[in-house]
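J.: Sequence:
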Amino acid sequence: MIPSDPVILLSYVNLKLRDFYGSLSALCDDLDVGEEEIVRKLASIDYHYDEEKNQFV
1 MIPSDPVILL SYVNLKLRDF YGSLSALCDD LDVGEEEIVR KLASIDYHYD EEKNQFV
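The sequence shown runs 1 to 57 under the working numbering.
Incorrect hints may have been included.
[Claimed, not checked] As a list, the in silico DSBU-like pairs of lysine-lysine whose alpha-carbon atoms are at most 35 Å apart:
#1 Lys16 - Lys53
#2 Lys16 - Lys41
#3 Lys41 - Lys53
[Unchecked claim] Label pairs and their computed distance ranges (CB to CB):
#4 Glu52 - Met1: 26 to 32 Å
#5 Val57 - Asp5: 17 to 23 Å
#6 Glu52 - Ser4: 24 to 30 Å
#7 Pro6 - Lys53: 16 to 22 Å
#8 Ala26 - Val57: 16 to 22 Å
#9 Val57 - Glu36: 17 to 23 Å
#10 Ser25 - Met1: 16 to 22 Å
#11 Asp29 - Asp50: 16 to 22 Å
Since the hints were made in silico from the structure, they are not lab data. Just so it is clear, CB atoms sit at the ideal spot from N, CA and C, and this is done for glycine as well.
Using the sequences and the hints given, assemble the complete structure.
T.: The structure is reproduced here in structure tokens:
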């Protein structure tokens, strides 16, 4: 289960990407979460996934 609050989700996802996953798709596959759901929630607070940095910026 992932956090529903976008700000907490941002922190959670970036931590997971930094420490455990090489890509957003790997994180989503492992946690069984829709990538589009995360992207949409974080876009609502103006954060977008940067593949090169492997984080939401």
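J.: Please flag the earlier hints that this structure goes against, numbers listed from lowest up.
T.: none
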